[in-house]
Amino acid sequence: MSGTLPSPYLPREAEILERTAETPDMFTLRLRLVEADARAAFQFAPGQFNMLQLPGIGGVPISIASDPAQSETLDHTIRAVGRVTRVLEQLERGDRLGLRGPFGQGWPMREAEGRDLVFVTGGLGCAPVVAAISYALARRDRYRRIVILQGVKHAADMIWRERYDAWARLPDTQVRLAADEPTKGWTGHVGLVTELLDQVQLDPELALAMVCGPEPMMLASARRLVELGVAPARIRLSLERDFQCGVGHCGHCQMGPYFVCRDGPVFSYDRIGWLLGTHGF
Amino acid sequence: MRYSQTSARQLGTALMNPPRHLPRQRLQSLFDRLADAGYDCIGPRLREGAVLYEALAEARDLPAGIRARQAPGEYRLEARHDERCFAWANGPQALKPLLFQPEETLWRCLRDEDGRLRFEEVVPTPARRAVIGVRACDLAALALHDKHFLHREADPSYRARRADLLLVAVDCSDPADTCFCASTGDGPAVAGGSDLALTELEDGFLVRAYTEVGRRIADGLPLRDATDEELRAAETQREHAARAQRRALPGRNLRDALFANLDHPRWDAVAERCLACGNCVSVCPTCFCATERDSASLDGHASEHRRLWDTCYSAEHSYVHGRLLRPDTRSRYRQWLTHKLGGWHDQYGRSGCVGCGRCISWCPVGIDITEEATAICTPAPEPDKGPDAR
Numbered sequence: 001m002s003g004t005l006p007s008p009y010l011p012r013e014a015e016i017l018e019r020t021a022e023t024p025d026m027f028t029l030r031l032r033l034v035e036a037d038a039r040a041a042f043q044f045a046p047g048q049f050n051m052l053q054l055p056g057i058g059g060v061p062i063s064i065a066s067d068p069a070q071s072e073t074l075d076h077t078i079r080a081v082g083r084v085t086r087v088l089e090q091l092e093r094g095d096r097l098g099l100r101g102p103f104g105q106g107w108p109m110r111e112a113e114g115r116d117l118v119f120v121t122g123g124l125g126c127a128p129v130v131a132a133i134s135y136a137l138a139r140r141d142r143y144r145r146i147v148i149l150q151g152v153k154h155a156a157d158m159i160w161r162e163r164y165d166a167w168a169r170l171p172d173t174q175v176r177l178a179a180d181e182p183t184k185g186w187t188g189h190v191g192l193v194t195e196l197l198d199q200v201q202l203d204p205e206l207a208l209a210m211v212c213g214p215e216p217m218m219l220a221s222a223r224r225l226v227e228l229g230v231a232p233a234r235i236r237l238s239l240e241r242d243f244q245c246g247v248g249h250c251g252h253c254q255m256g257p258y259f260v261c262r263d264g265p266v267f268s269y270d271r272i273g274w275l276l277g278t279h280g281f
Numbered sequence: 282m283r284y285s286q287t288s289a290r291q292l293g294t295a296l297m298n299p300p301r302h303l304p305r306q307r308l309q310s311l312f313d314r315l316a317d318a319g320y321d322c323i324g325p326r327l328r329e330g331a332v333l334y335e336a337l338a339e340a341r342d343l344p345a346g347i348r349a350r351q352a353p354g355e356y357r358l359e360a361r362h363d364e365r366c367f368a369w370a371n372g373p374q375a376l377k378p379l380l381f382q383p384e385e386t387l388w389r390c391l392r393d394e395d396g397r398l399r400f401e402e403v404v405p406t407p408a409r410r411a412v413i414g415v416r417a418c419d420l421a422a423l424a425l426h427d428k429h430f431l432h433r434e435a436d437p438s439y440r441a442r443r444a445d446l447l448l449v450a451v452d453c454s455d456p457a458d459t460c461f462c463a464s465t466g467d468g469p470a471v472a473g474g475s476d477l478a479l480t481e482l483e484d485g486f487l488v489r490a491y492t493e494v495g496r497r498i499a500d501g502l503p504l505r506d507a508t509d510e511e512l513r514a515a516e517t518q519r520e521h522a523a524r525a526q527r528r529a530l531p532g533r534n535l536r537d538a539l540f541a542n543l544d545h546p547r548w549d550a551v552a553e554r555c556l557a558c559g560n561c562v563s564v565c566p567t568c569f570c571a572t573e574r575d576s577a578s579l580d581g582h583a584s585e586h587r588r589l590w591d592t593c594y595s596a597e598h599s600y601v602h603g604r605l606l607r608p609d610t611r612s613r614y615r616q617w618l619t620h621k622l623g624g625w626h627d628q629y630g631r632s633g634c635v636g637c638g639r640c641i642s643w644c645p646v647g648i649d650i651t652e653e654a655t656a657i658c659t660p661a662p663e664p665d666k667g668p669d670a671r
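Residue numbers (the working numbering), protein chains in the order written: chain V, 1 to 281; chain Y, 282 to 671.
Everything labelled a hint here was simulated from the structure, so no lab data went into it. Since we're looking at a predicted model, the values are computed, not measured. Honestly, I wouldn't trust all of these hints.
Said to hold, decoys possible - Computed list of chain V residues with no C-beta within reach of chain Y, every gap over 12 Å:
#, residue
1, P11
2, T183
3, H189
4, D198
5, E215
Claimed, not checked - Restraint ranges, calculated between C-beta atoms of paired labels, are given here:
#, chain 1, residue 1, chain 2, residue 2, range
6, Y, R433, V, Q201, 36 to 44 Å
7, V, A156, Y, D393, 38 to 46 Å
8, V, A168, Y, E385, 50 to 58 Å
9, Y, E597, V, E227, 36 to 44 Å
10, Y, G581, V, E72, 26 to 34 Å
11, V, Q43, Y, R496, 24 to 32 Å
12, Y, L589, V, L91, 25 to 33 Å
Beta carbons are placed, not taken as given, at the ideal position from N, Cα and C, and that holds for glycine.
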């Protein structure tokens with residue numbers, strides 16, 4: 001009986017094709033599953049995540065930042081802040097690790113068709129959203145206006161500046177960047193990313209917002225979007241928790257009625273808003 | 282009972298109706314028939330002052346002539362003056378550790394000279410096991426764990442241990458002071474969910490079968506028809522066991538009441554007493570949290586990925602990328618209770634509490650879940666509308 005179904009816990013071997021430094025403590029690993037069968041079977045949606053497993057050390061959930069149309073390679077942008085991510089930071093091209101996934105519910109790319117897309121991100125929250133932005137831009141005719149707002153605390157943490165600049169040059173695409181603490185020569189907004197919401201033209205009836213970042217930033221963004229007239233059901237937030245199993249078994253991401261790894265990480269504001277900002281959840 | 286044979290709605294009907302009588306001195310025949318059918322028997326035994334489920338091949342090794350006196354923060358076995366083998370309320374554990382082990386390896390990884398990795402799944406190959414003496418509360422907890430570990434993504438270890446598990450349940454005749462299964466609707470009598478069920482009477486047992494596997498075992502036992510008097514005695518005993526329970530939860534669905542009271546002052550009061558030790562989680566038959574740990578061999582070429590029981594009362598449980606969601610005991614107790622009695626309704630269609638009372642008996646400071654839930658949900662919600670009422 002056992003052994004006939006694939007175990008959701010068993011990693012597959014992946015190799016690092018490329019390592020890109022983004023900032024002093026942020027980097028992107030481009031991974032490829034080693035077995036051709038596993039590679040061919042791997043399909044994901046923007047906003048889903050993988051568990052990267054370092055044998056003998058541990059695992060960490062990382063969202064997939066690359067385009068699902070090119071699922072042969074999988075980009076993961078990581079900030080070295082914990083025990084596992086600091087080891088991941090040391091890895092180089094050709095190194096091997098374990099990969100499980102994809103897990104969770106991603107961004108509503110199909111539902112967003114025919115709508116204005118508003119992306120609001122804070123800090124490394126831009127990584128899970130970049131897959132959705134790339135996805136929409138690669139299928140540009142399916143979507144109306146695209147608004148991209150990204151904020152960071154220190155201007156030095158603004159990664160993918162060239163990408164934002166390139167997107168800003170596209171028709172019907174508005175990009176605004178914010179930094180709380182600007183560096184010399186900073187040309188973006190000085191302040192919070194939520195303040196940018198007042199500086200863009202939004203058609204609240206048509207807009208679908210995808211928000212990712214620290215929870216206070218997501219909560220502030222969602223509240224402002226509601227004030228601007230966007231329905232809570234069309235505001236989507238991607239949450240971060242200590243995913244260990246990825247399939248709703250281990251209990252670490254239990255949150256009210258949900259397991260965030262399985263029922264999320266992307267939730268609509270009307271489903272999750274009542275728990276956001278509540279201490280202990 | 283194999284998981285695939287479980288159907289929540291048809292459990293009340295026994296295949297052998299009316300139940301038949303097995304004399305007390307022939308109880309060993311049950312162990313023998315199970316052994317003949319290839320089962321290793323597991324059952325209650327006296328160990329370190331408690332009743333624990335361990336390997337058990339002889340009826341004479343059952344904990345006869347004892348009762349369990351339980352109260353908040355207290356568990357004591359006492360002598361009783363009869364030969365009854367099951368006239369004690371549950372000890373600290375029953376089925377949970379047999380299926381969801383406190384610690385186990387999920388996979389291994391080997392690294393070759395070129396740095397290539399080979400991941401190997403580790404799945405147990407257990408013997409066929411029969412568990413004797415399971416109570417109604419633990420059958421209800423088992424049904425919940427089946428949902429948790431087998432629906433959607435199946436847990437390979439749980440699946441392997443659950444397959445071919447045969448269950449011989451016993452109606453609870455002597456609930457402890459801490460028991461409240463009557464209020465959760467999960468006991469004290471067995472209403473299915475096992476292969477066989479026994480009612481222990483003065484001179485023997487009434488036996489009923491719920492599955493074909495159970496009936497085949499029963500067919501090999503020296504049974505006779507039960508007398509009307511025995512059937513009445515069994516019924517009286519079941520009613521008495523339900524009426525004897527003094528504790529109760531204030532409703533079967535407290536989800537809305539709990540989430541409406543997240544700022545209730547009682548959370549602060551209980552946090553003053555709670556040690557955040559996690560005993561309640563360890564003894565709870567439905568708690569399933571686990572953490573994953575890696576360990577490497579000294580030469581770095583092999584490693585194991587293990588899973589260990591975890592508790593939402595620890596700080597690490599709420600770790601998220603450099604911060605703790607629940608740095609204080611108040612938010613951890615609240616997480617446990619709002620999940621157990623609230624979130625479970627959304628996730629599993631019923632409360633996560635089966636009324637076994639273990640968390641009350643084994644809490645070092647005697648915190649009583651029924652008291653806390655009642656205080657926090659005051660004013661009490663609408664009277665009972667069944668497990669799925671909203």
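*Going back to the hint list, which numbers does this structure go against?*
Going through the list in order, the structure violates hints 1, 5 and 11 and respects the others.
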